[in-house]
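Enquirer: One-letter residues, chain by chain:
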Amino acid sequence: MTTAVDKTGRIKLDRVSPELYEAMIALNNAAAKDLDPDLAELIKIRASQMNHCAFCLDMHTADARKRGISEQKIALLPAWEEAGGIFSEQEQAALALTEEMTDLTRRHVSDEVYARAAEAFSERELGQVIAMALTINAWNRIGVTTRKPLPKR
Amino acid sequence: MTQTLETQNSVERLKLYKTTPELYDAMMALGNAAGKGIAAELAELIKMRASQMNHCAFCLDMHTRDARKRGVSEQKLHVLAAWEEAAGLFTEREQAALALTEAITDLGNGHVADDVYARAAAVFTDQELGQVIAMAVTINAWNRINVTVRTQPTRR
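One line per chain: the protein sequences are A and B, in this order. Everything in the first sequence is counted per this note's numbering, starting at -16 for the first residue and increasing by one. Everything in the second sequence is counted per this note's numbering, starting at 3 for the first residue and increasing by one.
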């Protein structure tokens, strides 16, 4: 019987539980609807940085570059609060919310951060920002736990 | 008559199930996939522990109640937050699953270390291990929904 363990020694979740993977893809699709795709990449990169998911970080920085997001913007993401006008108010509001949602064991989603996002986005968009942030957090957890190997670039 | 506890915060939060119903559909499917082939009691312990760590009141309330219904003892429910210090109260499988859940939950502060992973791999089949991981991933997602929109527990 072939095992689902790859050479890094951890299970391949897509082989062990294809149903889970299908559900994750569906979650991803639901989260991506009506959300600016560039903003979606910034959310995904920031969460992946915080969660130390190498696979996700590699994938989404490559995707961001393909979408035309600048090297400068990608490089400055961990310091977005200090990056002046490089990030729009919408982007900043989304990133602040993403950070609080990501670091949930130590923080909560404060009124201030929530209100800032509610101000910057319509209800529908805000729902999608929240959905994308929680989805990338789920992918990060899969990627880190199963140590998904990076593709060669 | 049930009543929801009043929200403490001054900022009204989104009714996400109204604005984003597709998200809820997807989360239900995720939960169903994650719940297969995993003992119900173990699933509830995983969900409770993650919800404690993520400070999700709604989830914690719901899963504590569910755990009790599944026959998890009051003592176990009470000491869950200190499971490592409760030698013998939790089986090795439960402890391994809880250790893994904690690592998966507290991801920003660490990673899923080889020894934590190996401990779980030693007591679970690949299939079961996949389900434990899936359950931890799923509850973390639910926590992020319910903390963000401050879903309130029902007063009992």
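Hints in this document: simulated from the structure, not taken from any laboratory. Since this is a predicted model, take the numbers as computed values, not measurements. All C-beta atoms in this analysis are idealised placements derived from N, C-alpha and C, irrespective of residue type, glycine included. Take the hints with a grain of salt, since some may be wrong.
[Unchecked claim] Only pairs whose alpha carbons sit at most 30 Å apart, straight line, appear in this in silico DSSO-like list of lysine-lysine:
| # | chain 1 | residue 1 | chain 2 | residue 2 |
| --- | --- | --- | --- | --- |
| 1 | B | K71 | B | K38 |
| 2 | B | K17 | A | K(-5) |
| 3 | A | K135 | A | K49 |
| 4 | A | K49 | B | K20 |
| 5 | A | K135 | A | K56 |
| 6 | B | K17 | B | K78 |
| 7 | B | K17 | B | K38 |
| 8 | A | K(-5) | A | K16 |
| 9 | B | K71 | A | K(-5) |
| 10 | A | K16 | B | K71 |
| 11 | A | K49 | A | K(-5) |
| 12 | A | K135 | A | K(-5) |
[To be verified] Going by beta-carbon spacing under 10 Å, a handful of chain A positions derived as facing chain B:
| # | residue |
| --- | --- |
| 13 | H35 |
| 14 | D46 |
| 15 | R48 |
| 16 | K49 |
| 17 | R50 |
[Claimed, not checked] Cβ pair distances, simulated, as ranges:
| # | chain 1 | residue 1 | chain 2 | residue 2 | range |
| --- | --- | --- | --- | --- | --- |
| 18 | B | A88 | A | G51 | 48 to 56 Å |
| 19 | B | Q129 | A | P132 | 18 to 26 Å |
| 20 | B | R157 | A | G51 | 29 to 37 Å |
| 21 | B | Y19 | A | Q73 | 48 to 56 Å |
| 22 | A | R50 | B | G90 | 41 to 49 Å |
Enquirer: The structure should be examined with respect to each hint, and the outcome stated for every one.
Expert: To see whether the hints hold, each was checked on the structure:
1. B/K71 - B/K38: Cα-Cα ~19 Å, so holds.
2. B/K17 - A/K(-5): 36 Å, violated
3. A/K135 - A/K49: Judged against 30 Å, a Cα distance of about 17 Å means the pair holds.
4. A/K49 - B/K20: The hint is violated at about 34 Å.
5. A/K135 - A/K56: 24 Å, holds
6. B/K17 - B/K78: 34 Å, violated
7. B/K17 - B/K38: Between B/K17 and B/K38 the Cα gap is close to 29 Å, so the pair holds against 30 Å.
8. A/K(-5) - A/K16: Answer holds: A/K(-5) to A/K16 is near 28 Å, not above 30 Å.
9. B/K71 - A/K(-5): Measuring from Cα to Cα gives roughly 33 Å; hence the hint is violated.
10. A/K16 - B/K71: 38 Å, violated
11. A/K49 - A/K(-5): 27 Å, holds
12. A/K135 - A/K(-5): Given pair A/K135, A/K(-5) holds - Cα atoms ~18 Å apart, limit 30 Å.
13. H35: OK, holds: A/H35 within 10 Å of chain B, min 6 Å.
14. D46: Hint violated; A/D46 Cβ to chain B Cβ min 21 Å, cut 10 Å.
15. R48: 25 Å, violated
16. K49: The hint is violated - A/K49 has no Cβ within 10 Å of chain B, the shortest such distance being about 25 Å.
17. R50: This hint is violated: A/R50 lies away from chain B, its Cβ roughly 23 Å from the closest one there, beyond 10 Å.
18. B/A88 - A/G51: 48 to 56 Å: With Cβ atoms ~54 Å apart, the hint holds.
19. B/Q129 - A/P132: 18 to 26 Å: 21 Å, holds
20. B/R157 - A/G51: 29 to 37 Å: Violated: the Cβ-Cβ distance is about 51 Å, outside 29 to 37 Å.
21. B/Y19 - A/Q73: 48 to 56 Å: 24 Å, violated
22. A/R50 - B/G90: 41 to 49 Å: Because 54 Å falls outside the window, the suggested range is violated.
The structure fails to meet hints 2, 4, 6, 9, 10, 14, 15, 16, 17, 20, 21 and 22 from the earlier list, while all remaining hints are met.
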